[in-house]
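Asker: Next come the chains, spelled out residue by residue.
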Amino acid sequence: MIRRVNAPGHSDVYPSRDLVDDFDTEFDNLWSRAYGVAYVVLGDRGESEDVAQETLARALVRWKKVSAYAEPWVVRVAGNLAIDRVRKQRRARGVPPAGDVAPLDAQRVDLQRALLVLSPKQREVVVLRYLVDLPEAEVAQTLGCSVGTVKTHASRGLAALRRSLEVAG
Amino acid sequence: MSDFDFDALRDATPPSPDAGRRAAVDARARSLRARTRLNRLALSSVSVVAVVALVVGIAASQRDEGPEVIVEGPTSTTTLPPATTTTGPNPTTSTTPPVVGATDAVSATFVSPAQGWVLESNGTVAGTTDGGTTWSDVGAIGGFDGGRIRFADSMHGFAFNEAQLFTTADGGRSWSLTPTPFTGADDLAASGGEVYAVAFDDATTSFHIWSSPADQLSWSEDSLSISPGGGPVASFQFVFSGSSGWLLSVDRVVISGAQLTPTGRWGPWGTTPCTDTGGPAWLAASSPNGLVASCEEGTFTGPRISHGISFSTDGGQTFARHDAPSSGPVASPNSTTAVVADGSGLQRTTDSGTTWHRVFADRQGASANDLGFTTATQGFVISGDGTMLMTYDAGATWQPVTLP
Numbered sequence: 001m002i003r004r005v006n007a008p009g010h011s012d013v014y015p016s017r018d019l020v021d022d023f024d025t026e027f028d029n030l031w032s033r034a035y036g037v038a039y040v041v042l043g044d045r046g047e048s049e050d051v052a053q054e055t056l057a058r059a060l061v062r063w064k065k066v067s068a069y070a071e072p073w074v075v076r077v078a079g080n081l082a083i084d085r086v087r088k089q090r091r092a093r094g095v096p097p098a099g100d101v102a103p104l105d106a107q108r109v110d111l112q113r114a115l116l117v118l119s120p121k122q123r124e125v126v127v128l129r130y131l132v133d134l135p136e137a138e139v140a141q142t143l144g145c146s147v148g149t150v151k152t153h154a155s156r157g158l159a160a161l162r163r164s165l166e167v168a169g
Numbered sequence: 001m002s003d004f005d006f007d008a009l010r011d012a013t014p015p016s017p018d019a020g021r022r023a024a025v026d027a028r029a030r031s032l033r034a035r036t037r038l039n040r041l042a043l044s045s046v047s048v049v050a051v052v053a054l055v056v057g058i059a060a061s062q063r064d065e066g067p068e069v070i071v072e073g074p075t076s077t078t079t080l081p082p083a084t085t086t087t088g089p090n091p092t093t094s095t096t097p098p099v100v101g102a103t104d105a106v107s108a109t110f111v112s113p114a115q116g117w118v119l120e121s122n123g124t125v126a127g128t129t130d131g132g133t134t135w136s137d138v139g140a141i142g143g144f145d146g147g148r149i150r151f152a153d154s155m156h157g158f159a160f161n162e163a164q165l166f167t168t169a170d171g172g173r174s175w176s177l178t179p180t181p182f183t184g185a186d187d188l189a190a191s192g193g194e195v196y197a198v199a200f201d202d203a204t205t206s207f208h209i210w211s212s213p214a215d216q217l218s219w220s221e222d223s224l225s226i227s228p229g230g231g232p233v234a235s236f237q238f239v240f241s242g243s244s245g246w247l248l249s250v251d252r253v254v255i256s257g258a259q260l261t262p263t264g265r266w267g268p269w270g271t272t273p274c275t276d277t278g279g280p281a282w283l284a285a286s287s288p289n290g291l292v293a294s295c296e297e298g299t300f301t302g303p304r305i306s307h308g309i310s311f312s313t314d315g316g317q318t319f320a321r322h323d324a325p326s327s328g329p330v331a332s333p334n335s336t337t338a339v340v341a342d343g344s345g346l347q348r349t350t351d352s353g354t355t356w357h358r359v360f361a362d363r364q365g366a367s368a369n370d371l372g373f374t375t376a377t378q379g380f381v382i383s384g385d386g387t388m389l390m391t392y393d394a395g396a397t398w399q400p401v402t403l404p
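Line by line, the protein sequences are chains A and B. What the first sequence shows, in this note's numbering, is residues 1 to 169, in sequence order. What the second sequence shows, in this note's numbering, is residues 1 to 404, in sequence order.
Just chain B, with the same shape it has in the complex:
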C-alpha cells in the first residue's frame, strides 16, 4: 500500500465560514446553554423544597422511603462484588455466544452479574438479564451522539457525552435529556446509590466532582478542586469498589487524583500511580483495597516509550510496579490478575505482571472501551470496531456476543 495522499483528500475550494454559519453555531450552542439555565432554576426550586422539607422534618424519611431498588450494588465497570457472591454463568457449562458480523457497540455497563446494558452508536440501548448470553433491545436515546452509558441499579441509568446527559428511570426503556448544573461530564459513574460526575467549573477554572442520589437527581458540588493539566484535553476515570472510590486525572500525563472519604466527600489522592512516568495511565479496582494501574511511560518525556503495570493492596497508598508488554485500559478480577487492552487486543497477567499472555487478538488492532469485570470470572469489553466481547473465565478467553 502506498502512502496516503492527504492533500488530494482536502476540499480544494472550501466554503467560507460566513455570518450564517456563525449564527447557526450560536443557535446550536443556545440550546445547550438553555439546559444549563433551566437546571439552575430547577436547582433553586429543589433547594427551596429541601429547606422546607428539612424544617418539617420529612426530608430524611422521604429519602429512606424512595423507590425500591431491585438490584442493589455499585455499577462501575471495574466494580467487583465479593467472590463468594459470584452468580454469573458457569464458564464450564455456558453456551458460547455465536460469533456475529459487524456490530457497533460503543459502551456497556452491568449492575449485577446478570443484568447489563449496551449502548450502540445509533442510540439503541440493548439489555441482558442472563449475564450477557442473550441481549434484546430495551429502548433508544434520540439525539444522542456517541458517549457512554452507566446504570446505578436496575432502573436508573445515565448516558452522557461532553455536552449532554440523558437519564432513564425505567430500566432504559425511555430516556430524557436532563439538565445539569455543569456543562458536560468528563466522566460519570454510579456506586452505592449515588451518581458521580466530574466536570469543568467555569467559576474556578478547575474540575470539580458533582454527586447526586441516583434515583432522584439533586446535584451537589464537592469542594475539592482539581487543576487541569497542560494538555489539550484532560480526561478522568472514576473507579469504585464497595465503599471505596478513586478518580484519576490524566492530561497527557497523570496529573492528580482524588479519593472518596468515609464522610462521602472527596479528598486529594496523594499517591496516584504513574505520576512521574511521563505518560497516561488507566486504573481498575479488584476490591476495596485492590487497585491496578496500567501505565504508558515516557510518551511525553522520552527518550523511549515503555509500559508498566502497578498493583496496590492498600487502597492506592503504595504500588508495586512490573514491566508490561503494553499499556491501555485495564480491568482486574482479583489482586494478581489484570487484563490490558493494548490496541492489538487483550493481554493478561495472572501473577501481578511477571508473565503475560495475549488472550485476544483484535483483527484490526483496535483499541477498546469499557473493559471491566462484574464478578471474579465474568467480564466484558467493547472492542474498537464496535464488537462486544464477554469472558466467563477471568479473562482467559473472550467471545463476541450477538447484539440485536
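Bound-form chain A, shown alone:
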C-alpha cells in the first residue's frame, strides 16, 4: 500500500529535521521502488543504482513538496530517468535487434522500445501497474481515478506497446 505522508508546515527552504527524519523513514522503500523500476527498464545494477540515487537526491531536495506523493513521484522520476538513459544508449550504441540477444534481454529491449512511444499518461499507468506491480485498485487510488480508467489506460498502453513492436518489428 502506498503510504501518503502529510508534510508539516515549515518556513525554511531546506528540509527541517522532522522532514529529514520523515525522508529517512521512507528511504528504504523509496530507494527500492526507484531501483526496481530502473532495473526493469535498464537491466543493469550499476545504472539502476545511479538512477535510484539521483531520484532520491531530487526527492530529498524537494521533500516538502513531494512527501505527500512520494512514492508515485519517485516511481515516475525513476522511470523517466531510466527511459532517458535508454534514449542516450540508443543514440550512442544504436538499437539492438531483439532477435540477436538472449530471450530475457530481448524482452527488455522490447520494453525499452515500447516505453519510448507511450504517451505520458499511458506510461504512468503502465509503470505503476506493471513495472511496480501495483494492483489496479491501488494504481487508481494513487492516481486519483477510477479502476475503470486504470484498466482503460493499461489496456491501451499495452496495445500501444504491441502496435509499436509490430510496426518496428
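Here are the simulated SDA-like pairs of lysine to any residue, each with C-alpha atoms no more than 20 Å apart in a straight line:
id, chain 1, residue 1, chain 2, residue 2
1, A, LYS151, A, ARG76
2, A, LYS151, A, PRO135
3, A, LYS151, B, GLY298
4, A, LYS151, B, SER306
5, A, LYS151, A, GLU138
6, A, LYS151, B, ILE305
7, A, LYS151, A, ASP133
8, A, LYS151, A, GLU136
9, A, LYS151, A, ALA137
10, A, LYS151, B, ASP5
11, A, LYS151, B, PHE6
12, A, LYS151, B, ARG304
Below, a sample of chain B positions facing chain A; criterion: calculated Cβ distance under 7 Å:
id, residue
13, ARG10
14, ASP11
15, ALA29
16, ALA163
Since the hints were made in silico from the structure, they are not lab data. Beta carbons are placed, not taken as given, at the ideal position from N, Cα and C, and that holds for glycine.
Given the coordinates of chain A, work out where chain B should sit on it, guided by the hints.
Answerer: Same frame as chain A, but now just chain B:
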C-alpha cells in the same frame, strides 16, 4: 507478440538500500542545496547593490543601457509575430530538408523566424539562422540531464529541468549552472525581455511565479499563490504572445491559471479552459487575444474519454468548444487553425475544429514536445522519438530536419 513477462525482468536479488546509499543521496542532494544557499547570498548582494543604485539614481539608467539585444521579441514556442512581419522561408521555394536517421532532440525554441536552437539529449545545443533549414553545433551543456531550452533573445538562453537551471549569455556557446531562489522550475519561458519561471515555494506550500530581466538575472517572486492539485505531479505551461501572457496549471485535471496583467504582475485567470472536463489540457496562443486549448476530457472522472478543442478570441475570457478526434500539445498559427500532437502524430484543423486532417503520422506513435509556430506559416515540433520536424505552410506538411 506475447505479453511482457515483467516479473522476469525484475532483479531477483536487489541490493539493499544501506547506509552508504543513503549517504550518497545526501551528497548528491547537498550540491543542489548549496546552489540554493549560494543564490540566497547572491540575491542579498544584489538587493544591497540595487538599494545603493536607487539611492544614487542610476539603477534605471543602467537597465536602459543594458546589452544591445540583436533580435528583440518574445520567445515562447507559441509566440506568433504579426503576420505582416513574416520573413521565414518561402514554402513554395524552400528546399525540403533531407530526411535523416535517428536523431535525439529533446527541446527546441526560436526567437525569430530565422534564429532558433535545439537541445539534444547529450547536452549538445545546435542552432539555426535560416529558419531551420540548416543546423550547426553551437555549444554543449555539461552535466545537464534532459530538460528544455528557451531563449529570450539571440544571446540569452536558459536550459532547465526540475533541479537545474543553466544559462548562456553568448548565444549558446557557453553555459553556466546558475543559482536560483527556487528549487527547480516546473516551467520557464521568456517574453519581452523578461524570463518567467514557475516553481514550488516551500514557505507557502504553493506554486509561485518568479521573473527576472533575461539579460541580468535578478529574480522577483510574484505574490500570486497557485495551489497544487491532488495529483502526483503538477505541471505548468506558460504561453506568451506580444504583451499577453498566460499560465495554465494542470494536476491530472486543469487546476487553475494565471494571467499577466498590464502592470507586469500576475493575476488569477478565472476562466481557464477545460476546467471541469476531468482531464488535462494544453494551451497555445496565436495572437495577444487568440488562444486555443486542447482538452482531454473524462480521463480522471469517466465514464469515457473524449477530446475537445476550444478557441478564444478575447484573450481567454470565453471559449468556443468543438469535438476533436484527439488531444495533446497544441500550437496555433492563426485564429482558426490548430495543430495537435496526439501520440500518433499531428492532427490539424483550419476551421476552428469542425474538420480535422492527419498531417503527420509518427511511425512509432510517439508523443511530441515543444510544438510551436514562429510565424503564420513556420512551425516546429520535436517528435517523441527525438526527430525534429519543421513546417513552412502553417502545419499542412511537416518534414524532418537534419541535425548535426
